[in-house]
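J.: For the protein sequence lines, the chains are A and B, in the order given.
All residue numbers for the first sequence refer to numbering that gives the first Met the number 0, where the first residue is 0 and numbers rise by one.
All residue numbers for the second sequence refer to numbering that gives the first Met the number 0, where the first residue is 0 and numbers rise by one.
Taking lysine-lysine pairs in the BS3-like style, the calculated list, with each CA pair at most 25 Å apart, reads: (1) A/169 / B/85; (2) B/25 / B/1; (3) B/1 / A/89; (4) A/89 / B/38.
Pair by pair, the computed Cβ-Cβ distance ranges are: (5) A/62 / B/12: 36 to 46 Å; (6) B/13 / A/206: 44 to 54 Å; (7) B/13 / A/144: 44 to 54 Å; (8) B/132 / A/131: 52 to 62 Å; (9) B/322 / A/134: 44 to 54 Å; (10) A/56 / B/20: 21 to 31 Å; (11) A/203 / B/132: 34 to 44 Å.
Just so you know, the hints here were simulated from the structure itself, not pulled from any lab data.
Just so it is clear, CB atoms sit at the ideal spot from N, CA and C, and this is done for glycine as well.
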Amino acid sequence: MNESEWRPRRPTRRQILETAAALAVLGYTRPSFAAEGNPATPPLPPTDLAIADVPVRLTVNGTAQNLTLDTRTTLLDMLREHLGLTGSKKGCDHGQCGACTVLVDGRRINSCLSLAAMHDGDSVTTIEGLADGDRLHPLQAAFVEHDGFQCGYCTPGQICSAAGMLNEHKAGWPSVVTEDLAAHAELSDPEIRERMSGNICRCSAYPNIVAAIRDAAGETL
Amino acid sequence: MKAFTYERADSVADAARAVADKPGAKFIAGGTNLLDLMKLEVETPTHLVDVNRLPLAAIEDTSDGGLRVGALVRNSDLAADPRVRKNYAVLSRALLAGASGQLRNKATTAGNLLQRTRCYYFYDTSKPCNKREPGSGCSAIAGFNRIHAIVGASDDCIATHPSDMAVAMQALDAKVETAMPDGSAQTIPFADFYRLPGDTPQIETALKPGQIITAVTLPPPPRGTQIYRKVRDRASYAFALVSVAAIVETAGGKIRAARFAFGGIAPRPWRVAGAEHPLEGSTPSEAAFARAGDAVVSGGRGYGHNDFKLPLVKRTLTAVLTAAARAA
Numbered sequence: 000m001n002e003s004e005w006r007p008r009r010p011t012r013r014q015i016l017e018t019a020a021a022l023a024v025l026g027y028t029r030p031s032f033a034a035e036g037n038p039a040t041p042p043l044p045p046t047d048l049a050i051a052d053v054p055v056r057l058t059v060n061g062t063a064q065n066l067t068l069d070t071r072t073t074l075l076d077m078l079r080e081h082l083g084l085t086g087s088k089k090g091c092d093h094g095q096c097g098a099c100t101v102l103v104d105g106r107r108i109n110s111c112l113s114l115a116a117m118h119d120g121d122s123v124t125t126i127e128g129l130a131d132g133d134r135l136h137p138l139q140a141a142f143v144e145h146d147g148f149q150c151g152y153c154t155p156g157q158i159c160s161a162a163g164m165l166n167e168h169k170a171g172w173p174s175v176v177t178e179d180l181a182a183h184a185e186l187s188d189p190e191i192r193e194r195m196s197g198n199i200c201r202c203s204a205y206p207n208i209v210a211a212i213r214d215a216a217g218e219t220l
Numbered sequence: 000m001k002a003f004t005y006e007r008a009d010s011v012a013d014a015a016r017a018v019a020d021k022p023g024a025k026f027i028a029g030g031t032n033l034l035d036l037m038k039l040e041v042e043t044p045t046h047l048v049d050v051n052r053l054p055l056a057a058i059e060d061t062s063d064g065g066l067r068v069g070a071l072v073r074n075s076d077l078a079a080d081p082r083v084r085k086n087y088a089v090l091s092r093a094l095l096a097g098a099s100g101q102l103r104n105k106a107t108t109a110g111n112l113l114q115r116t117r118c119y120y121f122y123d124t125s126k127p128c129n130k131r132e133p134g135s136g137c138s139a140i141a142g143f144n145r146i147h148a149i150v151g152a153s154d155d156c157i158a159t160h161p162s163d164m165a166v167a168m169q170a171l172d173a174k175v176e177t178a179m180p181d182g183s184a185q186t187i188p189f190a191d192f193y194r195l196p197g198d199t200p201q202i203e204t205a206l207k208p209g210q211i212i213t214a215v216t217l218p219p220p221p222r223g224t225q226i227y228r229k230v231r232d233r234a235s236y237a238f239a240l241v242s243v244a245a246i247v248e249t250a251g252g253k254i255r256a257a258r259f260a261f262g263g264i265a266p267r268p269w270r271v272a273g274a275e276h277p278l279e280g281s282t283p284s285e286a287a288f289a290r291a292g293d294a295v296v297s298g299g300r301g302y303g304h305n306d307f308k309l310p311l312v313k314r315t316l317t318a319v320l321t322a323a324a325r326a327a
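Kindly produce the complete structure, drawing on both the sequences and the hints.
T.: Rendered as structure tokens:
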């Protein structure tokens, strides 16, 4: 086999990245694992023996969940390790990077800094729950359109955060760069940047992330 | 994370008693700071009392024309409240200058007041720290201390209080409403709420075991211009190196009253009455503002990496007072 014969069959770096990025935008999940529900064994070895479990009932992406969890389980670990929803990412695990951002009752929070038990009765939306069937959420479509990522790891958090942020802006919330606190600030690029400062992108795709959010903000969300 | 048991409190009295009765018990509300510290085993509570269901999430007008902010009001809701934006802009600005959108959605008013220092050595369990482990020593005094205190510190601890919100509340003369485990209520003026480290840096507030914050009350809106300015290493999502909450009232080209509290420079929001009073009745001038800045850090000192904060306090105050006098 000479080089010219096999080369076309080999995926380019670009194709691999595009596939990875598409999975990031959609929030890759393993349905078979998700269907198994709550695994009996905790996924990570605890640093101390569990002394208490707690029942947690909540809704995740429209589906009711009934779990029994070690009290230490964060909302993020519940989503990833117990429900198989691995779209929400564990970056820093300390609320500094924003990769774990999800919507709880429509509000964006860092799921790594919240106990699952504190969300009994809540409704959680993750990146896996944003699209309407095969129809991408406008923010997902805008991130694809504007190439708002490189490695894609921060993307689910960026998109969930942007969804929450646009709700906050729509509700008239000001930001620290809002000139007139009494006014409903226009969503300028400095406003978008300030309001999204809780989401770090180590590939530094910020210009395209801002462009994607600016674009999606024009649509009805 | 160390193992702990967990309960949800249904009433303020139950919550207070649950924490008072169990050694090692703690309240959890937003949890954004407590869980951060629990993951590092800086905090190792054996029992958590979840207070998120308590009816303390309202912002209400008080009979004297002020505002009563429930302990569970989220930072983002407080910052966005129309009354706060209109009448207590310094508080809204301070809240918006802190943390990120996600954290403000979770962090509560009481939790913000009770958050712990971000001193690197407090967070690093491999290093001595008198606040984390009393008697073990302070690693910051001769260590990396760029973010540390220049006033109010002691030979045992030079950590700063990280809150922006508390700085604005200090300038506004807020009061902290609490409930005791026996059901009685106690109101603590902001000036008495935080303790200086002395030789017990592990004790940070006037709260007793089980005593729970129920609200923060703000007096009627102050007259004058309100400004919050935060100087930090990056433009967003960073703690203050120096911050100032200022409320300045002018009349006839003269300063009628000036109040200012500082963040990032002390173990608590820092306010010096002796710096404010000489400005009353004075004509705004750079020299007068500089004298006020000197009075703010009077008796203070740098520890090497944070020496820059001494002149930065003066410059930030001068800039803010100049802007306030001009705006009036």
